[in-house]
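*Asks:* Protein chains in written order, with the working numbering: chain A, 34 to 442; chain B, 795 to 1040.
You may find that some hints are simply not true.
Stated by the list, open to error - Which stretches of chain A does chain B cover? Using the computed rule of at least three CB atoms under 8 Å from a CB of chain B, they are:
#, region
1, 270 to 284
2, 292 to 300
To be verified - Straight-line C-alpha distance at most 25 Å; calculated DMTMM-like pairs for lysine to aspartate or glutamate:
#, chain 1, residue 1, chain 2, residue 2
3, B, Lys847, B, Glu976
4, A, Lys438, B, Glu941
5, B, Lys847, A, Glu432
6, B, Lys989, B, Asp966
7, B, Lys989, B, Glu976
8, B, Lys847, A, Asp431
9, B, Lys989, B, Asp809
10, B, Lys847, B, Glu800
11, B, Lys989, B, Glu924
To be verified - Below, a sample of chain B positions facing chain A; criterion: calculated Cβ distance under 10 Å:
#, residue
12, Ala873
13, Val886
14, Glu894
Because the hints were derived from the structure by calculation, they are not lab data.
C-beta: ideal position from N, C-alpha, C; glycine also.
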Amino acid sequence: MIAFNPRNTSLLIFLGLLVIFTVAVTLMSEAYGPGLVSTSFVKTLGKTLCLCLVALAMDVVWGYTGILSLGHFAFFGLGGYMIGMWLMYARTEDIVIASFANSPLPPTPEEIVTGIATQIFGVVGASELPPIWVFAHSFWAQMALVVLVPGVLALVFGWLAFRSRVTGVYLSILTQAMTLALALWLFQNDSGLRGNNGLSGLQNLPGADAIPQSLISIWFFWASAAALAAGYLLFHWVVSGKFGSVLRGIRDDEARVRFLGYPVEGFKLFVFTLTAVVAGLAGALYYPQAGIINPAEVAPIASVYLAVWVAIGGRGRLYGAVIGAAFVSLVSSWFTGGRAPDVNLGFATIQWVDWWLIVLGLSFVAVTILAPKGIGGLFDAFQGLRTPDRKGAPLGPDEGALQEKEAVK
Amino acid sequence: MSTLLEVQGVSVTFDGFRAINNLSFAIGPAEMRAIIGPNGAGKTTFMDIVTGKTRPDSGNVLWGERSVSLLRLSESQIAQAGIGRKFQRPTVFEDQLVSENLMMALRRPRNPLAVLFFRPARADHARVAELAAEIGLADLLGRKAGELSHGQKQWLEIGMLLAQEPRLLLVDEPAAGMTLAEREHTTRLLVEAAKTRAVVVVEHDMDFVRRLDCRVTVLHEGAVLAEGSLDFVTQNPQVIEVYLGR
């Protein structure tokens, strides 16, 4: 049914390219091929796919629904923390049990738990497991929390904000405040999540010591690719059809949608929560590949980056978000990874680690002014699609409304 | 005669300015009514109150056979109860196809989950095509609404209003910016609609009101000044004074 609809062309092309990319990387990896792609680069690519997934969520909430949420990386980080708790607990449990192997008496469960708590929390001077770690022993419970914690936070936050009809820049500020508050809370040692140390050693899967990282990295890469494909399918389904029509209607003219009889707040809440859950899942796949998560990850700037990726890729089109996230984050890691050669201007030397942010900022401004459709606009040009001529008027009265230059005729 | 909408002694004040002053108004289930009045008479505020956009300071708005108070309902609930509104400036979703605009307006369940799982049936497509033919946009279903001319947008909005199948249509200056032929088409659409439902038209243009051939309510300073046939109200000395000034 999906295959014969011309509107799904971009979906099929995207999924096809993703499959080709995944197979190609696998065949070039150290695990299944000659090792042209190093294990660390496989991890980078896997992480990038997770960032593409959270960018997709951002595009649905901002590009389609017009809610400029600058807090979606908080949900991403929360997903990471939730899976990180299990990874750290289970891994430490293995170590603690192994350390008791030579002792004459078999350890009691209490001894094991105390051992785990001392191992994990010694760094912040505590030796008791905080109450929020009550489910950390169970993979399935923590997986449920990966969905529930971002989901419930988004639901409560969204309900309060949308019910009071907070929109536009005020909502953006509120979401920034939310992610900042979360980061500040996490920075505290008594938050129970190891303060600014964060959770570490997440790349070591419990009970998988014998499996080399080259294999584990490619498995995570596959999982990330599968998650991105599933997320793309889900969001494609959500934004096509009448639901998508209503979302774009809310973006361009919220009051009009209300007078058509649609409960706008309910739609916003649904989208905000759904995208938060997807962001949480993306985070849960990202951080085991990154190996470490700390409160700096959910700093307000991270959520702003997310908006920059979507804007550079082209908002309001799913593939635009993926392109933007992949392109910017890969280029960014090249520049900040110290591999970009310094430029000697004679009077000063440009070191990209320091200057990259300025380049990124300037390109964001340039894209916003010169090419509002972002990289995605190239595909429109290729297809011969033009923008409507409305003398610069946006396509609706709302702040988040699609601008003339972003639209196609 | 039974009433569909009854507005009882409603008042609303904006920053000390009394926009609506003890206004009472009633309309039956299949009736056309024109509301005229000079600028600032409270015509648009009246519509805002009925559709839930503005909450009155006092008074009551009752709806339907069971006399439900509309003041407790949200905008979307009021729309679902059967009140459709057309704005003065044509407000259609410019970045969406004509067919998408109409499909969104079709009377179907409005809650997020129902909309998410909604896929148009053949009957829905047929209804959209039928409406498009009625408003003269049958050939333009696949075009973006933003490409339509001003008059076509007005019709599209009337089509969306009809698609909602409301029991009461509130229409704000439907003929503004239309050519004579377009006005006649609009008149036909509205007169046809008023056979089965209540239609309230706010209009400045007396010729257009005459063509509607219906009872007229004159608003002035937020209250009803006169009510009756167009000839009757235009002979009312107070109405003449308000319109022509001293």
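*Asks:* Each hint needs a verdict: does it hold in this structure or not?
*Replies:* Right, here's what the structure says about each hint:
1. As drawn, the region 270 to 284 of chain A meets chain B at 8 residues by the rule of a beta-carbon pair under 8 Å; at three or more, the given contact holds.
2. Here the region 292 to 300 of chain A counts 8 residues with a CB under 8 Å from a CB of chain B, which clears the bar of 3, and the coverage holds.
3. Taken as a hint, the lysine 847/B and glutamate 976/B pair is broken in the structure, with Cα atoms around 30 Å apart against an allowance of 25 Å.
4. Taken as a hint, the lysine 438/A and glutamate 941/B pair is honoured in the structure, with Cα atoms around 15 Å apart against an allowance of 25 Å.
5. Taking the CA atoms of lysine 847/B and glutamate 432/A, the gap is near 19 Å; set against the 25 Å cutoff, the hint holds.
6. Among the hinted pairs, lysine 989/B with aspartate 966/B is consistent with the structure: their alpha-carbon atoms are about 19 Å apart, no more than 25 Å.
7. Proximity of lysine 989/B to glutamate 976/B is assessed by CA-CA distance (about 21 Å); at most 25 Å being required, the pair is judged to hold.
8. Taken as a hint, the lysine 847/B and aspartate 431/A pair is honoured in the structure, with Cα atoms around 16 Å apart against an allowance of 25 Å.
9. Of the pairs offered as hints, the one joining lysine 989/B and aspartate 809/B is violated, with about 40 Å between alpha carbons and a cut-off of 25 Å exceeded.
10. With a CA separation close to 17 Å, the supplied pair lysine 847/B and glutamate 800/B stays within the 25 Å bound.
11. Between lysine 989/B and glutamate 924/B the CA atoms are separated by roughly 18 Å; this keeps the pair inside 25 Å, and the hint holds.
12. Below 10 Å, beta-carbon pairs count as interface contacts, and alanine 873/B has one with chain A at about 3 Å; its hint therefore holds.
13. About 8 Å separates the beta-carbon of valine 886/B from the nearest beta-carbon of chain A, less than 10 Å, and the hint is met.
14. Taking 10 Å as the C-beta cut-off, the interface hint given for glutamate 894/B holds, the closest approach to chain A being about 5 Å.
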